[in-house]
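Visitor: So the chains spell out like this:
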Amino acid sequence: MNVGYYPGCALHGSSNDYEQSLRACLGALDVQLDELKDWICCGATAAHSLNHKLSLALPARNLAMAERDGHQQLFAPCPLCSMQLLNVKKAAANEKTRRELSQIIEADLRGDGQVLNLIQLFENIGLDRLKSAVKTPLGSLTAACYYGCLLTRPPDVVHFDDFEQPTSMEAVVSALGAKTVEWNYKTECCGAGMTMASEETVLDLSQKILSNAAEHGANCLVVACPMCHVNLDMKQAAIERHYGKKLGMVVYYLSDLVGLALGLSAEQLGINRHFVTKA
Amino acid sequence: MENTSLTQEMPKSLQVQIPGHIDPAKCYQCGKCTAGCPVSARMEMTPSQLMRLVQLGQLEGALRSRGIWECVSCQTCSARCPKEVDCAGVMDALREASLASGMVAPSRQPVVSFQEAFLANIRRNGRLNEIELIGQFKADVFFRTGRPAFLFKDAGLAPQLSKRKKLHLVSEKARDLKIVRRIFARCSGQTEQ
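So the protein sequences, as listed, match chains E and F. Numbering-wise, the numbering used here puts 229 at position 229 of the first sequence, and it's gapless, one number per residue. Numbering-wise, the numbering used here puts 1189 at position 189 of the second sequence, and it's gapless, one number per residue.
These are computed hints drawn from the structure, not numbers from a lab. It is possible that part of the hints are untrue.
[As the list claims (entries may be wrong)] Now the stretches of chain F that chain E is said to cover, found in silico as 3 or more residues with beta-carbon under 8 Å:
| # | region |
| --- | --- |
| 1 | 1028-1035 |
| 2 | 1057-1067 |
| 3 | 1091-1099 |
| 4 | 1157-1170 |
| 5 | 1174-1182 |
Computed from a prediction, not measured in an experiment: that's the story for all the values here. Glycine included, C-beta positions come from ideal geometry on N, C-alpha and C.
Next up, chain E with everything else stripped away, as it sits in the complex:
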């Protein structure tokens, strides 16, 4: 299986452990990532906060390049990137907007391609196939599946799962033999792009998420977003210092768990490069 791949800036920057995990895990499932050659940044929070038109034009360029290169499906492992791409699809349904965007980006935007997040990619591979490929069931893990903001919101843009009580990630994790917990913070925000600019916001929100997962009996957290991983893993030591409590919560990318269950090592998946490495 071959899928168009939009990595986004984070996966080619300090979240390159996420890309390592994806390539190792998907390679073992015989999924080839065909990276979009001409990709540019989607503008992220900065564009939609400061310049509405730019927040449509930048991802529109990426979507048009994917369409030009013949990708029927574009996999965007960062939920902010994938939400921005889907937002363009929604906007392009208006013919006047579609034409205006096409002019701005100097390419014909159709907006008819499919955009996939990581959970959807595993669903397309097939949970039965995943289940039968498991070599090392993850029976020792009790996972809190954390969706964050943009995998399920805005619901009229992303059209994915239940935006208050999603269960699609639990289905993947259960197929690997791990247990999952019911908890309160699966779609609460971790502070996202405020990591640098407003650290106290991130410490506050991420502390609540990590603590709630622990209180409900989880021994690890699972994410499908590079920013969530930064705030919950890299900032965890700062959270422990700030609130004077020990958390020690390992934060896995969803692809880490699939990879481990398929028999790959922590080193192959880049798990050894996380900040919190032992529960």
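Given chain E's structure and the hints, the job is docking chain F onto it.
Guide: Showing chain F alone in chain E's frame:
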């Protein structure tokens, strides 16, 4: 990209362009947006109060508020609104207008500095250069607030990131930088270069 201008009587610099799919008049002040907002406790003016100011056309208070820059864009308010008002979209429009009219709350300047440095970085490189972004952001905050400690606040993380092969001293750029600059120019209403 149809926009409604709420503020015909205001000076041009104070106009807020609310995207066409949003009708702030539909808000009946139930407060569900504020109740679900993860950062409303940090705001001096909550999402529902900001919506009310927009309804009343009292925009200066909204544009000068800290609240619009405390918002983390998590979309919970919009997803839960019983009247389907895209409150997060209103926050975006308010931020854009606050910056354009020079009304950014001084205490939230670091958030704006970060986002401006981010966009300048993308305009230059097409793809984000993290080290350059951090440098520019810190220099800008130092220049505006005179707080030197801020410059070194995260310096302890650099060796830890480096050990984990997460720091890239040489960053990649987009293949076609000229198209990136032209897109930025068209979206910023500048003449093309």
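Visitor: Okay, which hints does this one fail, numbers in order?
Guide: 1, 2
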